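As they're listed, the protein sequences go chains V and Z.
For the first sequence, counting from 1, position 50 maps to 50 in the working numbering; every step adds exactly one.
For the second sequence, counting from 1, position 109 maps to 109 in the working numbering; every step adds exactly one.
Simulated from the structure, these hints should not be mistaken for laboratory data.
Predicted model only: the values in this text are computed from it and were never measured.
Backbone N, C-alpha and C define an ideal beta-carbon position, used for all residues, glycine too.
Mixed in with the good hints, there may be bad ones.
[Said to hold, decoys possible] For each label pair, taking beta carbons as the anchor points, the in silico distance ranges come out as: (1) Z/Glu328 to V/Leu135: 33 to 41 Å; (2) Z/Lys332 to V/Glu56: 31 to 39 Å; (3) V/Glu163 to Z/Val576: 49 to 57 Å; (4) V/Asp129 to Z/Ser124: 55 to 63 Å; (5) V/Met1 to Z/Gly63: 47 to 55 Å; (6) Z/Arg151 to V/Gly55: 34 to 42 Å; (7) V/Met1 to Z/Pro220: 55 to 63 Å.
[Claimed, not checked] Think about it this way: if two alpha-carbon atoms lie no more than 16 Å apart in a straight line, the pair counts; the simulated EDC-like pairs of lysine to aspartate or glutamate are: (8) Z/Lys123 to Z/Glu284; (9) V/Lys87 to Z/Glu325; (10) Z/Lys357 to Z/Asp406; (11) Z/Lys207 to Z/Asp153; (12) V/Lys57 to Z/Asp249; (13) Z/Lys207 to Z/Glu150; (14) Z/Lys316 to V/Glu65; (15) V/Lys28 to V/Glu121; (16) Z/Lys327 to V/Asp89; (17) V/Lys141 to V/Asp129; (18) Z/Lys332 to V/Glu110; (19) Z/Lys226 to Z/Glu206; (20) V/Lys57 to Z/Asp245; (21) Z/Lys555 to Z/Asp532; (22) Z/Lys301 to Z/Glu317; (23) Z/Lys323 to Z/Asp245; (24) V/Lys3 to Z/Asp532; (25) V/Lys3 to V/Asp89; (26) Z/Lys316 to Z/Asp245; (27) Z/Lys123 to Z/Glu44; (28) Z/Lys327 to V/Glu110; (29) V/Lys87 to Z/Glu2; (30) Z/Lys255 to Z/Glu206; (31) V/Lys3 to V/Asp32; (32) Z/Lys327 to V/Asp69; (33) V/Lys87 to V/Glu121; (34) Z/Lys327 to V/Glu121; (35) V/Lys57 to V/Asp32; (36) V/Lys3 to V/Asp69; (37) V/Lys28 to Z/Glu2; (38) Z/Lys323 to V/Glu65; (39) Z/Lys332 to V/Glu98; (40) Z/Lys555 to V/Asp158.
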Amino acid sequence: MNKSAILVGVGGQGAILTAKVLVNGLMKAGYDVKMSEVHGMSQRGGSVSTQVHWGEKVYAPVIGEGAADILVAFEKMEAVRYASFLKPDGVAVINDYEMASSSTAAGLCEYPAGCLAAMQENFSCYTLDAAKIALGLGSPKCMNIVIFGAMTHALSMDEIDWETVICETVPPKFLDLNLRAFHAGHEAVRA
Amino acid sequence: MERHLLSGNEAIARGVFEAGVKVCSAYPGTPSTEIFEQLPQYRESLYCEWAPNEKVAAEVAYGAAIAGVRSLCAMKHVGLNVAADPVFTAAYGGVTKGFVIVSADDPSMHSSQNEQDNRYYAKSVHMALIEPSDSQECIDFLKEAYRISERFDMPVLFRTTTRVSHSKSLVTFSEREEQEVPEYKRNTKKYISTPANAYANHPKVEKNMAALEEYGNACPLNRWEKNGSRLGVISASIAYQYAKDTFPDDTSFLKLGLTYPLPMKLIREFAASVDKLYVIEELEGFMEEQIRAAGVECVGKELIGNMYELNPQILKERIFDQKPETKELNVKAVSRAPALCPGCPHRGFFYTMSKGKNFVISGDIGCYTLGGSAPLNALDTTVCMGGGFSVGMGLAKAFEITGQTDKKVFGVLGDSTFFHSGMTGAVEILYNKGNMIPVVLDNSITGMTGHQDNPGSGFNLQGEIATRIRIEDVLRSCGYENIIIVDPQDLTAMQKAVDDALASSVPAAIITRRPCILIKRIKQDFGKCAVDQKTCVGCKSCLKVGCPAVMIREKKAFIDSTQCTGCTVCAQVCPVHAIQREGEQHE
């Protein structure tokens with residue numbers, strides 16, 4: 001049975017790198033993999049999504065509504081925006097982190113209240129404050145790997161050695177930080 | 001065999017290398033850009049360049065194919081409109097060595113101004129159309145495209161879509177196949193397109209197309225997957241992948257890679273072998289129309305529609321009436337529209353224009369299209385590359401001859417767009433006495449597509465230092481006598497530039513000059529701005545510059561220091577001087 005993940009956030013949050021670590025692990029485990037991203041205009045502070053699909057043989061590189069097994073949201077309003085892509089019995093990993101949009105920043109509309117609660121009411125959710133965890137580890141830049149740690153727990157694919165995959169994917173200079181970020185993210189949702 | 005995860009665009013670049021291609025020219029455009037960003041890694045085996053526009057790229061590549069080397073040009077779908085002129089005639093001349101034109105279409109318009117279906121170009125031009133459906137096919141089909149171009153003496157249109165170009169899938173590599181370069185011989189009947197030669201060449205084109213159609217009935221690009229006789233699907237490109245996920249396992253497929261000319265004999269045979277035939281394609285019914293016209297009954301567009309991207313869930317719903325199961329949330333996300341980046345040099349210009357009474361602003365394609373979004377709202381039109389100047393000219397003439405003299409028309413485009421097709425508009429304005437001000441927003445790079453060099457940036461695709469063509473020199477040589485060069489981030493100077501241009505008694509043009517804040521090779525560290533909460537009166541003037549880093553928190557302005565670049569545009573509009581760059585004091 002093929003599986004689908006959709007990683008969503010705001011341009012510049014590092015969702016694409018996270019998807020790459022995931023894909024490298026899936027490739028090592030021998031899966032057929034397809035990944036889809038969108039470039040160009042939407043990257044300028046807009047809402048972005050990256051999809052990863054794996055299984056014995058994968059055809060479509062993108063899915064539509066009600067077809068994702070796991071939704072990973074780097075920002076909580078983006079979780080709500082893409083919630084319709086999740087299967088009713090799908091799992092969500094949500095970063096409890098708020099980023100203003102140009103319209104909310106300008107006071108044209110309100111950032112919606114209750115994003116996390118709405119997701120928790122409808123789906124099986126893992127939530128974490130990855131920004132705070134990353135800051136605690138000394139660098140806000142490792143937030144995406146913190147989220148990745150939480151995602152691997154939600155995926156429960158024990159046959160993949162994610163630590164080795166991270167070692168092979170991230171630059172050696174940041175390896176120690178990223179490994180700590182990975183563990184911290186994993187621990188944050190294990191409880 | 002080692003497997004690599006490559007996007008379709010990365011795979012096309014690999015295919016270019018493996019096919020022994022020697023000359024490559026392109027103009028950047030989403031979703032095609034990454035093909036050429038990948039090519040410099042093969043620079044020891046091939047020549048690659050950014051051309052000023054797609055027409056130039058197609059001509060350079062065609063010239064190389066005439067000379068006797070395999071060549072490639074690449075562009076986004078609308079780029080082929082620009083390149084169409086040489087491509088139509090190249091079909092009559094044919095090639096000495098393979099000539100492939102990559103067109104990356106953008107269904108759903110992720111980053112485009114329309115969603116035209118470029119497959120119709122193949123039919124109209126009379127050239128082969130090849131459509132890969134994943135990254136491995138991008139490599140394998142490209143090599144076959146060169147064989148077809150040479151065997152059938154024609155250009156080949158290699159068409160992807162956003163999801164083929166930007167999806168990654170697994171591929172294996174092969175060695176480069178070096179191609180023999182024949183001795184160059186002048187061939188005037190083939191390559192000089194006089195009416196007489198073109199008249200004589202047209203029947204050859206028809207003959208070659210007929211031979212190609214015959215070849216398509218048994219070629220490696222077209223594959224019959226025999227599964228059952230109940231349902232049959234004819235599909236190509238990314239739609240094939242969606243159809244495979246949609247139809248039951250006992251469905252037979254005719255998966256086409258050569259989609260023009262269609263292999264009608266094979267299609268008839270396939271149609272006769274199944275009870276019900278579906279044609280599954282994204283956008284227009286390009287294959288379906290031809291299949292129906294050949295008298296073969298099929299189902300397709302009446303269920304699928306001809307707009308926007310497809311996916312497996314859309315197909316399941318439209319074909320089998322299976323609605324996806326989703327959960328309805330009681331919270332709704334608000335829009336997160338793209339905006340000019342914090343520190344974007346265009347902000348100061350558009351803020352200044354937003355203050356202008358009776359300004360009519362003709363815009364263009366690039367980051368600066370975002371100057372039309374709230375709260376700046378400083379654009380009237382955006383049509384196409386180069387249209388900033390010439391559409392503006394039409395507006396200005398219409399106002400002039402209908403006595404609407406209060407309107408002040410500005411034509412706005414970027415540096416890369418100026419070299420692409422803005423120069424001709426600049427000439428038009430002078431030559432035909434346009435009552436308007438051309439403005440070049442020079443940020444020293446091709447921004448929206450992700451920072452490609454251009455004739456004004458001083459570097460070429462290979463990373464070498466190149467002759468820098470100065471926009472002011474071009475404008476001056478045309479006859480603009482008053483060229484005002486201004487830093488758009490200095491709002492006082494920007495306002496003065498606009499006022500001076502409008503008051504000028506000789507032809508005037510404005511160049512706003514400041515590099516894009518994101519150019520990596522230029523260090524731009526201006527610090528951060530911050531709001532003095534005691535001074536701020538909460539008037540929201542700073543929100544009018546439309547910066548993502550500036551927001552209102554508890555009724556006072558707040559600047560997100562993680563986003564701020566210290567450009568001070570917000571500080572310059574604050575009426576009570578509550579915003580300061582850290583470490584600086586106002587007088």
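Quick rundown of the hints versus the structure:
A beta carbon spacing of about 35 Å between Z/Glu328 and V/Leu135 agrees with the range 33 to 41 Å that was offered as a hint. Distance hint for Z/Lys332 and V/Glu56: a CB-CB separation of about 38 Å, consistent with the stated range 31 to 39 Å. Roughly 54 Å separates the CB atoms of V/Glu163 and Z/Val576, a value that falls within the hinted 49 to 57 Å. For V/Asp129 paired with Z/Ser124, a C-beta distance near 57 Å keeps the hint of 55 to 63 Å intact.
Between V/Met1 and Z/Gly63 the C-beta distance comes to about 53 Å, which sits within the given range of 47 to 55 Å. The given range of 34 to 42 Å is respected by Z/Arg151 and V/Gly55, whose C-beta atoms sit roughly 38 Å from each other. A hinted range of 55 to 63 Å is violated for the C-beta pair V/Met1 and Z/Pro220, which are about 32 Å apart. Our distance criterion of 16 Å between C-alpha atoms is met by Z/Lys123 and Z/Glu284, whose separation comes to about 14 Å.
Between V/Lys87 and Z/Glu325, the direct Cα distance comes to roughly 7 Å. Compliance with the 16 Å bound is thereby established for this hinted pair. For a cut-off of 16 Å, the pair hint linking Z/Lys357 to Z/Asp406 stands: about 9 Å separates their Cα positions. The hinted pair formed by Z/Lys207 and Z/Asp153 meets the criterion: a straight-line CA distance of about 11 Å does not exceed 16 Å. A C-alpha spacing of about 13 Å is found between V/Lys57 and Z/Asp249, which places the hinted pair at or below 16 Å, so the restraint holds.
Restraint check for Z/Lys207 and Z/Glu150: the C-alpha separation of about 15 Å stays at or below 16 Å, so the hint holds. About 11 Å separates the Cα atoms of Z/Lys316 and V/Glu65, which keeps this hinted pair within 16 Å; it holds. Taking the CA atoms of V/Lys28 and V/Glu121, the gap is near 36 Å; set against the 16 Å cutoff, the hint is violated. Taking the CA atoms of Z/Lys327 and V/Asp89, the gap is near 10 Å; set against the 16 Å cutoff, the hint holds.
Taking the CA atoms of V/Lys141 and V/Asp129, the gap is about 14 Å. The hint holds against a cut of 16 Å. Using a Cα cut-off of 16 Å, the hinted pair Z/Lys332 and V/Glu110 holds, with the two alpha carbons roughly 11 Å apart. A C-alpha spacing of about 32 Å is found between Z/Lys226 and Z/Glu206, which places the hinted pair above 16 Å, so the restraint is violated. A hinted pair counts as satisfied when its Cα atoms are at most 16 Å apart, and V/Lys57 with Z/Asp245 qualifies at roughly 11 Å.
For the given pair, Z/Lys555 sits about 13 Å from Z/Asp532 by alpha-carbon distance, which is consistent with the 16 Å threshold. With a C-alpha separation of about 14 Å, the suggested pair Z/Lys301 and Z/Glu317 falls inside the 16 Å cut-off, and the hint holds. The suggested pairing of Z/Lys323 with Z/Asp245 holds, with an alpha-carbon distance near 15 Å, which does not exceed 16 Å. The straight-line distance between the Cα atoms of V/Lys3 and Z/Asp532 is roughly 51 Å, outside the 16 Å bound, and the hint therefore fails.
In summary, the hint linking V/Lys3 to V/Asp89 is supported, as the alpha carbons are separated by about 13 Å, within the 16 Å threshold. The suggested pairing of Z/Lys316 with Z/Asp245 holds, with an alpha-carbon distance near 9 Å, which does not exceed 16 Å. With a C-alpha separation of about 36 Å, the suggested pairing of Z/Lys123 with Z/Glu44 is violated against the 16 Å cut-off. About 23 Å separates the Cα atoms of Z/Lys327 and V/Glu110, which puts this hinted pair outside 16 Å; it is violated.
Only pairs whose Cα atoms come within 16 Å are accepted, and V/Lys87 paired with Z/Glu2 is rejected, the gap being roughly 34 Å. Distance check on the hinted pair: Z/Lys255 and Z/Glu206 sit about 25 Å apart at the alpha-carbon level, beyond 16 Å; violated. Straight-line distance between C-alpha atoms of V/Lys3 and V/Asp32 comes to about 11 Å, which keeps the hinted pair within the 16 Å bound. Of the supplied pair hints, the one linking Z/Lys327 and V/Asp69 holds, its CA atoms being roughly 14 Å apart against a limit of 16 Å.
With a C-alpha separation of about 14 Å, the suggested pairing of V/Lys87 with V/Glu121 holds against the 16 Å cut-off. Proximity of Z/Lys327 to V/Glu121 is assessed by CA-CA distance (about 10 Å); at most 16 Å being required, the pair is judged to hold. Taken as a hint, the V/Lys57 and V/Asp32 pair is honoured in the structure, with Cα atoms around 5 Å apart against an allowance of 16 Å. Between the alpha carbons of V/Lys3 and V/Asp69 the distance comes to roughly 6 Å, so the proposed pair stays at or under 16 Å and holds.
With a C-alpha separation of about 11 Å, the suggested pair V/Lys28 and Z/Glu2 falls inside the 16 Å cut-off, and the hint holds. Our distance criterion of 16 Å between C-alpha atoms is met by Z/Lys323 and V/Glu65, whose separation comes to about 9 Å. Between the alpha carbons of Z/Lys332 and V/Glu98 the distance comes to roughly 15 Å, so the proposed pair stays at or under 16 Å and holds. Proposed proximity of Z/Lys555 and V/Asp158 is contradicted: the alpha carbons are some 50 Å apart, above 16 Å.
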